[in-house]
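Undergrad: The listed protein sequences correspond, in order, to chains X and S.
The opening position of the first sequence corresponds to residue 1 in my numbering, with each subsequent residue numbered one higher.
The opening position of the second sequence corresponds to residue 1 in my numbering, with each subsequent residue numbered one higher.
Simulated from the structure, these hints should not be mistaken for laboratory data.
Watch out, some of these pointers could steer you wrong.
Claimed, not checked - Here are the simulated DSS-like pairs of lysine-lysine, each with C-alpha atoms no more than 27 Å apart in a straight line:
#1 S:Lys60 <-> S:Lys155
#2 X:Lys78 <-> S:Lys92
#3 S:Lys155 <-> S:Lys37
#4 X:Lys18 <-> X:Lys78
#5 X:Lys70 <-> S:Lys88
#6 X:Lys117 <-> S:Lys96
#7 S:Lys172 <-> S:Lys161
#8 X:Lys82 <-> X:Lys117
#9 S:Lys46 <-> S:Lys224
#10 S:Lys155 <-> X:Lys82
#11 S:Lys88 <-> X:Lys82
#12 S:Lys155 <-> S:Lys192
#13 S:Lys92 <-> X:Lys129
#14 X:Lys70 <-> S:Lys96
#15 S:Lys88 <-> X:Lys84
#16 S:Lys91 <-> S:Lys60
#17 X:Lys84 <-> S:Lys92
#18 X:Lys197 <-> X:Lys117
#19 S:Lys155 <-> X:Lys78
#20 S:Lys96 <-> X:Lys82
Claimed, not checked - Negatives, chain X to chain S, calculated, CB over 10 Å:
#21 Lys18
#22 Phe29
#23 Gln32
#24 Ile36
#25 Tyr40
#26 Glu69
#27 Glu79
#28 Leu132
#29 Phe152
#30 Asp156
All C-beta atoms, glycine included, are put in the ideal place defined by N, C-alpha and C.
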Amino acid sequence: MSGIFEYNGGSIVGMKGKNCIAMACDRRFGQQMSTITTNYQKVFKIQDNILLALSGLNSDIHTFYALMEKEINLYNLKENRKMKPTTFANLVASALYERRFGPFFVTPIVAGLENGKPILATYDSIGCKSDLDDFQVGGTGGNYIYGACEAFFKPDLSPEELEEVIGQSLVSGCDRDSLSGWGGVVYVLTEQKLTVKILKTKQT
Amino acid sequence: MTDFALTTFSSKGKLLQIEYALNAVAKGDTAIGIKAKNGVVLVVEKKQSSILIEESSVQKIALLTDNVAATYAGLGPDFRVLSQQARKLVKKYDLKYQEEIFVQTLSRELAEDVQIATQRGGIRPFGVSILIAGYDEEGPHLVQLDPSGAYYSWKATAIGKQAKNAKAFLEKRYNADMEIEDAINTALLTLKEGFEGQITPTNIEVGVIRDDHVFRILPPSQVKDYLEELE
Numbered sequence: 001m002s003g004i005f006e007y008n009g010g011s012i013v014g015m016k017g018k019n020c021i022a023m024a025c026d027r028r029f030g031q032q033m034s035t036i037t038t039n040y041q042k043v044f045k046i047q048d049n050i051l052l053a054l055s056g057l058n059s060d061i062h063t064f065y066a067l068m069e070k071e072i073n074l075y076n077l078k079e080n081r082k083m084k085p086t087t088f089a090n091l092v093a094s095a096l097y098e099r100r101f102g103p104f105f106v107t108p109i110v111a112g113l114e115n116g117k118p119i120l121a122t123y124d125s126i127g128c129k130s131d132l133d134d135f136q137v138g139g140t141g142g143n144y145i146y147g148a149c150e151a152f153f154k155p156d157l158s159p160e161e162l163e164e165v166i167g168q169s170l171v172s173g174c175d176r177d178s179l180s181g182w183g184g185v186v187y188v189l190t191e192q193k194l195t196v197k198i199l200k201t202k203q204t
Numbered sequence: 001m002t003d004f005a006l007t008t009f010s011s012k013g014k015l016l017q018i019e020y021a022l023n024a025v026a027k028g029d030t031a032i033g034i035k036a037k038n039g040v041v042l043v044v045e046k047k048q049s050s051i052l053i054e055e056s057s058v059q060k061i062a063l064l065t066d067n068v069a070a071t072y073a074g075l076g077p078d079f080r081v082l083s084q085q086a087r088k089l090v091k092k093y094d095l096k097y098q099e100e101i102f103v104q105t106l107s108r109e110l111a112e113d114v115q116i117a118t119q120r121g122g123i124r125p126f127g128v129s130i131l132i133a134g135y136d137e138e139g140p141h142l143v144q145l146d147p148s149g150a151y152y153s154w155k156a157t158a159i160g161k162q163a164k165n166a167k168a169f170l171e172k173r174y175n176a177d178m179e180i181e182d183a184i185n186t187a188l189l190t191l192k193e194g195f196e197g198q199i200t201p202t203n204i205e206v207g208v209i210r211d212d213h214v215f216r217i218l219p220p221s222q223v224k225d226y227l228e229e230l231e
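Make a model of the complete structure from these sequences and hints.
TA: Structure (structure tokens):
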């Protein structure tokens with residue numbers, strides 16, 4: 001299986017703004033050169049103030065997301081409280097490492113707001129966590145998105161500006177990557193609300 | 001290990017082994033806990049059976065993590081085992097979430113281990129009641145964990161030999177506005193009430209946690225100061 005991470009294709013990106021965070025993903029679900037569907041969900045709302053984006057093998061995206069849902073639901077019931085974004089970020093790392101010798105083929109990005117403060121973390125497939133100050137990418141189109149992010153990103157952008165910047169970065173990246181695209185979805189989370197916007201990319 | 005349970009119901013619906021475990025607890029040295037507005041104090045009798053025993057080697061208050069500690073009444077070795085299990089539980093939680101564990105969560109998970117000993121084949125219940133004192137995000141906590149696996153949150157309580165008298169004493173003295181310094185004095189006074197012989201800084205152990213979330217076992221010199229204040 002050369003390129004198990006490239007088999008389904010897909011890209012994700014996360015960004016920090018001023019008291020807000022944004023997450024974006026493409027919508028393609030493919031099997032190597034074939035496109036199966038153009039509405040596959042890769043960003044999940046784990047809790048009102050936590051978003052989880054996953055790129056990699058779609059089967060593992062779905063399984064890992066389900067595992068995290070289960071963890072957070074059990075936590076809510078056992079501890080009788082919501083999980084903090086930093087706690088969830090650590091949970092993702094330890095859940096990934098638990099499968100050190102048979103890993104989930106995913107590269108997650110966690111974004112959230114903890115007491116109004118933006119949280120952003122990314123991991124490799126075995127749970128090496130990095131906390132970041134600006135933005136992070138994942139997936140087959142990652143490197144192309146990096147370039148656009150570096151050009152457009154500024155610290156402390158407002159939610160509207162952040163939505164624009166992350167959207168443009170995702171679209172530029174996905175338009176170049178043959179395995180990502182077929183539309184994009186942008187999520188912007190502030191203390192008050194979560195907005196979801198669907199973007200058009202090059203339809204190829 | 002045997003296949004059959006040792007703890008089984010009597011015709012009256014009682015689990016006699018647990019009753020007997022509670023008897024063992026009632027014979028143990030008294031331990032008192034008081035929860036104040038801004039902290040928790042644990043005070044426990046440390047009377048040694050012989051003057052030849054190295055008093056400093058006996059530790060009755062065990063630190064479970066930075067912000068939680070426990071003491072007991074009953075069988076010392078059983079407490080040692082449970083406090084070690086509790087420490088492992090804390091670390092397991094820490095590895096998974098990298099967050100300070102809530103006292104209620106720790107109590108509940110430890111209670112699971114205690115309950116298992118009342119149902120699993122071939123083993124007897126633990127012969128200790130444990131007082132868990134901690135300060136977490138929710139505030140100060142004082143929890144009692146019994147041999148049955150039941151756990152209760154208290155404002156102030158006592159376990160062991162003098163439990164009944166001490167609790168009666170505490171009922172009169174406790175008030176919800178108590179600050180930690182008042183609580184320490186009250187706890188020492190309560191212990192002194194039923195103490196056989198002279199209370200000294202080395203035949204009791206005192207542990208305190210304040211809103212800095214750090215549990216400290218007071219050195220004998222500090223205990224001496226508090227005892228002198230009582231005079």
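Undergrad: Indicate, hint by hint, whether the structure satisfies it.
TA: Hint check:
With a C-alpha separation of about 21 Å, the suggested pair lysine 60 of chain S and lysine 155 of chain S falls inside the 27 Å cut-off, and the hint holds. A C-alpha spacing of about 16 Å is found between lysine 78 of chain X and lysine 92 of chain S, which places the hinted pair at or below 27 Å, so the restraint holds. A hinted pair counts as satisfied when its Cα atoms are at most 27 Å apart, and lysine 155 of chain S with lysine 37 of chain S qualifies at roughly 10 Å. The straight-line distance between the Cα atoms of lysine 18 of chain X and lysine 78 of chain X is roughly 33 Å, outside the 27 Å bound, and the hint therefore fails.
Of the supplied pair hints, the one linking lysine 70 of chain X and lysine 88 of chain S holds, its CA atoms being roughly 24 Å apart against a limit of 27 Å. At most 27 Å may separate the alpha-carbon atoms for a hinted pair to count; lysine 117 of chain X and lysine 96 of chain S meet this at roughly 22 Å. Using a Cα cut-off of 27 Å, the hinted pair lysine 172 of chain S and lysine 161 of chain S holds, with the two alpha carbons roughly 19 Å apart. Distance check on the hinted pair: lysine 82 of chain X and lysine 117 of chain X sit about 16 Å apart at the alpha-carbon level, within 27 Å; holds.
Restraint check for lysine 46 of chain S and lysine 224 of chain S: the C-alpha separation of about 15 Å stays at or below 27 Å, so the hint holds. With a C-alpha separation of about 26 Å, the suggested pairing of lysine 155 of chain S with lysine 82 of chain X holds against the 27 Å cut-off. A C-alpha spacing of about 24 Å is found between lysine 88 of chain S and lysine 82 of chain X, which places the hinted pair at or below 27 Å, so the restraint holds. The straight-line distance between the Cα atoms of lysine 155 of chain S and lysine 192 of chain S is roughly 20 Å, inside the 27 Å bound, and the hint therefore holds.
Taking the CA atoms of lysine 92 of chain S and lysine 129 of chain X, the gap is about 18 Å. The hint holds against a cut of 27 Å. Restraint check for lysine 70 of chain X and lysine 96 of chain S: the C-alpha separation of about 15 Å stays at or below 27 Å, so the hint holds. A C-alpha spacing of about 23 Å is found between lysine 88 of chain S and lysine 84 of chain X, which places the hinted pair at or below 27 Å, so the restraint holds. Restraint check for lysine 91 of chain S and lysine 60 of chain S: satisfied, since their Cα atoms lie roughly 21 Å apart, inside the 27 Å limit.
With a CA separation close to 18 Å, the supplied pair lysine 84 of chain X and lysine 92 of chain S stays within the 27 Å bound. Between lysine 197 of chain X and lysine 117 of chain X, the direct Cα distance comes to roughly 23 Å. Compliance with the 27 Å bound is thereby established for this hinted pair. Straight-line distance between C-alpha atoms of lysine 155 of chain S and lysine 78 of chain X comes to about 23 Å, which keeps the hinted pair within the 27 Å bound. Using a Cα cut-off of 27 Å, the hinted pair lysine 96 of chain S and lysine 82 of chain X holds, with the two alpha carbons roughly 16 Å apart.
Lysine 18 of chain X, annotated as away from the interface, keeps every beta carbon of chain S farther than 10 Å; the closest lies near 26 Å. For phenylalanine 29 of chain X, the condition that its CB be more than 10 Å from all CB atoms of chain S holds, with the nearest at approximately 31 Å. Separation of glutamine 32 of chain X from chain S is adequate, the least Cβ-Cβ distance of about 36 Å exceeding the 10 Å criterion. The claim that isoleucine 36 of chain X lies off the interface holds: its Cβ sits roughly 35 Å from the closest Cβ of chain S, which is beyond the 10 Å cut-off.
Every Cβ of chain S is farther than 10 Å from the Cβ of tyrosine 40 of chain X; the closest lies at roughly 29 Å, confirming the non-interface assignment. Against chain S, the non-interface label of glutamate 69 of chain X holds: every CB pair exceeds 10 Å, the least being about 16 Å. Once the 10 Å rule is applied to beta carbons, glutamate 79 of chain X is inconsistent with being away from chain S; the minimum gap is 6 Å. With 10 Å as the threshold on Cβ separation, the claim that leucine 132 of chain X sits away from chain S holds: the shortest Cβ distance comes to roughly 17 Å.
At roughly 33 Å from the closest C-beta of chain S, the C-beta of phenylalanine 152 of chain X stays outside 10 Å, upholding its exclusion from the interface. No beta-carbon of chain S comes within 10 Å of the beta-carbon of aspartate 156 of chain X; the shortest separation is about 27 Å.
The structure does not agree with the numbered hints 4, 27 stated previously, though it agrees with the rest.
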